[in-house]
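Heads up: the sequence lines are chains A and B, in that order. Just so we're aligned: the first sequence equals residues 1 to 262 in our numbering. Just so we're aligned: the second sequence equals residues 1 to 364 in our numbering.
Any given hint could turn out to be false.
Here chain A is said to cover these stretches of chain B; the calculated rule only asks that three of the stretch's residues, wherever they fall, bring their Cβ under 8 Å from a Cβ of chain A [as the list claims (entries may be wrong)]:
| no. | region |
| --- | --- |
| 1 | 81-88 |
| 2 | 317-331 |
Non-contacting residues of chain B with respect to chain A, defined by C-beta distances greater than 10 Å in every case (computed) [claimed, not checked]:
| no. | residue |
| --- | --- |
| 3 | S18 |
| 4 | G19 |
| 5 | L128 |
| 6 | L210 |
| 7 | L351 |
| 8 | M358 |
FYI, nobody ran anything at the bench for these hints, they're computed from the structure. Where is the CB? At the ideal position from N, CA and C, for every residue including glycine.
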Amino acid sequence: MARMAEPVAESVIEVRDVSTTLGGRSIHRGLSLSVARGEVIALIGGSGTGKSVLLREIIGLLRPRTGSIDLFGQSVLDSSGEQMNLLRRRFGVLFQDGALFSSLTVEDNVATPLFEHTNLPHAICRQLARLKLALVGLAPDVAARQPSTLSGGMRKRVALARALALDPELLFLDEPTSGLDPISARAFDALIRLLADSLGLTVFLVTHDLDTLFSIIDRVIVLADGRVLGSGTVAELRHIDDPWLNDYFAARASEGETRHGT
Amino acid sequence: MTAAHADFDEARSTLIVSGDWHADTASVLPPLDGKTVRVIDGAGVTRLDTNGAWLLLNAVRPQAGAPLPALQAFQPRHRAILELVDRHSAASAAQPEHRCENVLASAGRGALTMATHALGLLDFVGRLFAELLTLLGKPGSWRWREFASQVSLVFVGAIPIVISMMFLLGVVFAYLLGDQAKQYGANIFVVDGLLLAILREISPIIVAVLVAGRTGAAITAQLGTMKVTEEIDALTTLGLSPLAVLVIPRMLALLLAMPLLVFIGDIAGIAGGMLVAQLQLDISYSMFLDRVQDVIQLKTLLVGLGKTPVFAMFIALIACRMGLSVTRDARSVGVNTTSTVVQSLVAIIILNAIFVVMFVRLDI
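Isolated chain A, as found in the complex (with noise of 0.2 Å):
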């Protein structure tokens, strides 16, 4: 498994000197950060850092005040609504919740960006769905049911599957283990692992959950005060001195250690 990050990739998100205010409130002030292809990254902050608002920047669901964010070298706050959508085609996002619509079957929420953005008959739209359920690792059964019937740890798998129905390269999760006990982020995190190896994904997602992070991330990027304070692995986030870094690992530290480099 590629742990580092490769030295000089083709970058895919690049953040630069991006500031918003929100209500009033200065939530970034000059933030840049950049992802290269094929990396798997984390970021992380308090709470209140803008995580979340930065993950809506970069999809284009906010503006900032000022900077400027491209992905795979296009800008995003100055294409056209015609260059957002193709750009919008190479990426997916899973939502916190997963966000599914809830008057349609999964299947049909997996289809629909099928349905949507492709010339393919709905009867082939709907194989590719099952194939994504299986992707994911949900049983053919679930195809038929309704969103609402699902358990917590289903939905977000459906969910995941709907963000990689067009086969985007990039992926953004917004925390995908929240909500879900142990076990099921387990395995979320193993699933997402593999899917970024196997797929050869470049995944950016939120998180809160120190085991996602011991376990499946190449670099993390931490916020605070509205900047990016680090960068790098976790074995060399220890080394900052952050009285928010040193709480977040202490809750970990001897088991981190151990479980640092499996």
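For chain A, the structure is supplied; the task is to place chain B on it using the hints.
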């Protein structure tokens, strides 16, 4: 970006594929007409994702589960994706059961739903009155603040629309009535007809319909959304009864607001009629008001106003019950909101019919 391309070499039973294979470009396979592909040569493939891989495999293997053709000269990662997709392709072929109901089954289901609705409403009314009885013993636990804010929403917020609608209806009604009455020189009787219609029927019904659409729908949507976000559950676990905190203040607010709104509607309707009477029928304002004093009986006003608390009660009951019976998905909020409006309108029409018959029989 290079387009996907596929050629079939019959001599070697080999399919030679090249270019980018993904959901858009992979629909270019030559017709194979049942010819068996033994080898796929992928030396020229520049990009391959799972959609492309599935489409390729699906085309060369008419039936799922047939052995995978030999993969030749693919790049390792393309080969890995093909193998990954192959492992899961059986799942994509499995047709999940889509249940298709016949007419009889859906009619039965519909009837059952209606029966459950009726029983649910009964149960709800029962629990509501039990709650009211408990609250009567504890005057301190009435939610006056919530009640006041509901009154402001239901009553104060609805005044402008009630006035404008009833004024216009008064204008229209007096105009049409006046047009007929003028032919017989019975101008002054327009006042009698107008008063009777506005006070007894038009104002109570129109205001009830308006409140059902405006407030009933809002109550259902609000309570339903609270249900979806588990706010209702949170209230219950804090030891607060959702009935006492949410339902009763809304019901009392509607009970108070409806008669007041109908009275405002009465005045606005009469004012509209008065304007037309002066312009079209040469009945001056003072003549009009004199006639009002002569013909109107307090009974007429009270009959109209007397119906409104019953309408209000039904609207509040239906709206709160539909709001609290929302299930945890977004569609359910919409379905229940629509259902509230429909049920309320039906209830208003039926109740009004009952009232009319009853009043006639009682000689009121």
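10 Å cut-off, C-beta based - G19 of chain B kept clear of every residue in chain A: Given a closest Cβ separation of 16 Å, the condition holds.
With a C-beta cutoff of 8 Å, work out whether three or more residues of the region 317-331 of chain B approach chain A closely enough for the coverage to hold. Per the Cβ count (5), the hint holds.
Distal placement of S18 of chain B relative to chain A, Cβ over 10 Å: With a cut-off of 10 Å, S18 of chain B remains clear of chain A, as the shortest Cβ separation is near 19 Å.
Tell me whether the statement that chain A covers the region 81-88 of chain B is true, taking a Cβ distance below 8 Å and needing three residues at minimum. As far as the region 81-88 of chain B goes, the hint holds, because 4 residues have Cβ atoms under 8 Å from chain A.
Reported absence of M358 of chain B from the contact zone with chain A (all CB gaps over 10 Å): Given that every Cβ of chain A is farther than 10 Å from that of M358 of chain B, nearest at about 43 Å, it holds.
Regarding the assertion that L210 of chain B does not contact chain A, is the least Cβ-Cβ distance greater than 10 Å? It holds; L210 of chain B is separated from chain A by about 29 Å at its closest Cβ, greater than 10 Å.
Once the closest CB in chain A is found, is it more than 10 Å from L351 of chain B? holds, 33 Å
Cβ separation check - L128 of chain B to all of chain A, threshold 10 Å: holds, 27 Å
Checked against the numbered hints above, the structure breaks none of them.
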